[in-house]
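Protein chains: 4
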Amino acid sequence: MKKREIRAPFFCVNPKAYLYGEEALKLAKAADELAKTFDIDIFFTVQYVDAYRIAKETTNLIITVQHMDALTVGAGMGYILPEGISAAGVQATFLNHAEHPIKVNQLVKTMQRAEEEGIIVIACADSIAEARAIATLKPDVMVCEPTELIGTGKVSDVSYMEQTNQAVKAVSPKTLVLQAAGISTIADVRQAIESGADGTGGTSGIVCATDPIHTLQEMVEEVTKVRDELKER
Amino acid sequence: MKKREIRAPFFCVNPKAYLYGEEALKLAKAADELAKTFDIDIFFTVQYVDAYRIAKETTNLIITVQHMDALTVGAGMGYILPEGISAAGVQATFLNHAEHPIKVNQLVKTMQRAEEEGIIVIACADSIAEARAIATLKPDVMVCEPTELIGTGKVSDVSYMEQTNQAVKAVSPKTLVLQAAGISTIADVRQAIESGADGTGGTSGIVCATDPIHTLQEMVEEVTKVRDELKER
Amino acid sequence: MKKREIRAPFFCVNPKAYLYGEEALKLAKAADELAKTFDIDIFFTVQYVDAYRIAKETTNLIITVQHMDALTVGAGMGYILPEGISAAGVQATFLNHAEHPIKVNQLVKTMQRAEEEGIIVIACADSIAEARAIATLKPDVMVCEPTELIGTGKVSDVSYMEQTNQAVKAVSPKTLVLQAAGISTIADVRQAIESGADGTGGTSGIVCATDPIHTLQEMVEEVTKVRDELKER
Amino acid sequence: MKKREIRAPFFCVNPKAYLYGEEALKLAKAADELAKTFDIDIFFTVQYVDAYRIAKETTNLIITVQHMDALTVGAGMGYILPEGISAAGVQATFLNHAEHPIKVNQLVKTMQRAEEEGIIVIACADSIAEARAIATLKPDVMVCEPTELIGTGKVSDVSYMEQTNQAVKAVSPKTLVLQAAGISTIADVRQAIESGADGTGGTSGIVCATDPIHTLQEMVEEVTKVRDELKER
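Protein chains in written order, with our numbering: chain F, 753 to 985; chain D, 753 to 985; chain Y, 753 to 985; chain E, 753 to 985.
Extracted from the complex, chain F is given alone in its bound form (with noise of 0.2 Å):
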């Protein structure tokens, strides 16, 4: 299958397990409706489960699993087989997510397994040391977020989001990087955005937000925003 090519700034909303089956589907709908009405690339993150059927049920998100492994079409009980998920319609995944590390081996025959599914990858390092040595791999995207932020609501500081987005472009140029620790509101958003970032997105700012549909709509507006705002400069 051919990788799906993602346009910069995209937006990446991640539900981890917080959501999954009737509540997921309908945050995925809203979504796949936002992504068309602002044409913009959004990263829908599923419980494995609620791949088929969101895939299904949406038309413009890239449905993406939170982890997958390396295993051919064979034996082996328990693992996410590439073959299966793209077939279910994923086209990307996370790896090596700070609430789900792997081994470094393990990490590097995942990505080829993905390369050859044609699965966009989202390699994440909890360090800069860790995100240089990833981005030797080139992944699609990495997600560089200082370990002890995440879940907190306090977002990376801007110095530190400018030198993960350098350390990783120093190695790997075409990898987009994706900065969303702690996002929640439309400033972190703007502020993602503008100091370098190729995408930002959330979990619980979004999931855990009173409305969590409307906090989507507003963050992904402010992407286009600042997408056309950079563009005039």
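Keep in mind that the hints were calculated from the coordinates and are not lab data.
All C-beta atoms, glycine included, are put in the ideal place defined by N, C-alpha and C.
Using 25 Å as the maximum straight-line C-alpha spacing, the simulated SDA-like pairs for lysine to any residue come out as follows: (1) Y:Lys-921 <-> D:Ala-881; (2) F:Lys-861 <-> F:Thr-888; (3) E:Lys-808 <-> Y:Leu-777; (4) D:Lys-808 <-> D:Leu-777; (5) F:Lys-855 <-> E:Glu-869; (6) D:Lys-855 <-> E:Glu-851; (7) D:Lys-778 <-> F:Ala-839; (8) Y:Lys-983 <-> Y:Phe-790; (9) E:Lys-861 <-> F:Pro-853; (10) E:Lys-861 <-> F:Gln-915; (11) E:Lys-926 <-> E:Glu-869; (12) F:Lys-861 <-> E:Lys-890; (13) Y:Lys-755 <-> Y:Arg-865; (14) E:Lys-754 <-> E:Ile-814; (15) E:Lys-778 <-> Y:Ala-827; (16) D:Lys-855 <-> F:Pro-853; (17) Y:Lys-781 <-> E:Gly-773; (18) D:Lys-921 <-> Y:Lys-926; (19) E:Lys-788 <-> E:Glu-774; (20) Y:Lys-755 <-> E:Glu-775; (21) E:Lys-788 <-> E:Ala-839.
If you anchor each label on the Cβ, the simulated ranges turn out as follows: (22) D:Ser-911 <-> E:Glu-914: 50 to 58 Å; (23) F:Lys-977 <-> E:Lys-755: 45 to 53 Å; (24) Y:Val-825 <-> D:Thr-789: 53 to 61 Å; (25) Y:Thr-824 <-> E:Thr-962: 20 to 28 Å; (26) D:Thr-824 <-> E:Thr-811: 51 to 59 Å; (27) E:Lys-778 <-> D:Glu-775: 54 to 62 Å; (28) F:Thr-789 <-> D:Lys-781: 37 to 45 Å; (29) E:Lys-808 <-> F:Ala-827: 47 to 55 Å.
Fit chains D, Y and E to the given chain F structure using the hints.
Chains D, Y and E in isolation, oriented as in the chain F frame:
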């Protein structure tokens, strides 16, 4: 959700990572028909991403995942949320398969989560000592396969099967025992049930057969023949 | 090698990774003296690299490692070879501590290896369900600490201790029970032994005390006092 | 502690879990003599429990453990504390060997801990992609063995060795490269060093030889011969 009752002797089709998407669905539909025709409970294991679709398009199968995690609704990237699979129509999970061994405390916690969500647990052990330990946790079903036979097409000998059946029942009388190591012929199926197993099934014996659906039908039919013969005794 | 017999009530000094080198040796020598003076069996856990030296320079202690692996003589990088530790004077090992949980099959295999080498196994469980499962493997000693109390200075309540003692003994009457969660005063020591534990001990309650050797002496002495009182009853 | 300087070409005796206790000590003493006689740096890997004793009874060897953890002084059961091994005389550690692969974030943190304690890091990669990623972390030494050759007595071919040497040096010029896959003859030793490796060594090629000490001597001598020949060119 209320846990589904299992009627012995049952059958288990475990395609592991051999099948996914359309091919998995096709075999599942055939198994579903057999479950109805022969009035037998059939566990059918799926890739997570296929669970929803197969659950929707079948009526009788016990949709089974090959592993599950203990996490709860909230954070956590890339794990198998019990609530999520349950909402997608999954009714059972394998745990601690030799190809996916887990930690002692993780097994205990995941079995508690399965109980909360009404998910049937098929717990695996690869030695009699391990079987006895796990039986204290009173899983719904236990598999006791000598690891060295998995995927070989060699069956456990009758004495091993009887020994494990007894070891499990001595600790947990209500736990059903699945003997499925290397089952590839109807003679293997007969031997497993006659030696006292509550269920049998297969992986490569079915999916690698020249005509998987035909082989599956013969095996399921044989289980019901032995069932009827045993009733008459 | 023949496995050493343990005499209850025993004591366990578990410095974890708080002490190493000279400081560990100093506390070990003090514990060794106490073992002699009070005629009591004392498990003393060591960093692997300190095992040989502490074994050489003490006489009475049961030199104990904090984890062991199941590998056999041959390949394998960086694991704890049973034959190797045994040759260095180690007589016991913790297994499956809450800070080092292991897989079910690994626990079974490692306990078999320990048996082969005559190494005493102190197996840990962090719930009653886990304790019952592990007790079927008949470890020499079991620890049942509610994970949430470890390192807190809070002791398990008497009812929890009695419940775990009974749960273990019901399954494996010869297994000795060590109650050591949050032990930091001689009152805690007394309570543990009076509630039926075969042994008690501590980590932070000793190594973080103002005068560790003095605290250790008081605790060991208290165990022997309770021992003598119980004999008289 | 100040990290020891390594002089290339060096040799590495890696008995893995083949040797322990007296036998390990005996080979270590022989290697120690050779290090002196041939004025060459020799890494000698040990079972943790043998580290102190071998360090005490040798003068020239670089006492090396086969894995190390990132934990700090305090809690933590059964892990390898950097401060502890350093105090016992250990000067180097392997990390991420194919027989002990570790997580990306664990590798990064453990290398930081090694730096803090002045412990030489020998980092392993089992593919060129992995080698490049790890080289960004600037380990002191790197091993690039195609996993499939380990323990086979087959050496990496010259082209693979040259390719990995270059891949590592391109990213981290000061990192020394150890080529040790399947080294079992003096011809293998010569080829490794002539192909540009900074060091070579072996496991089964030495410990499973009819006369390990004699084989070791021949290999070490050959390294120094090639060293002297290369100087003259």
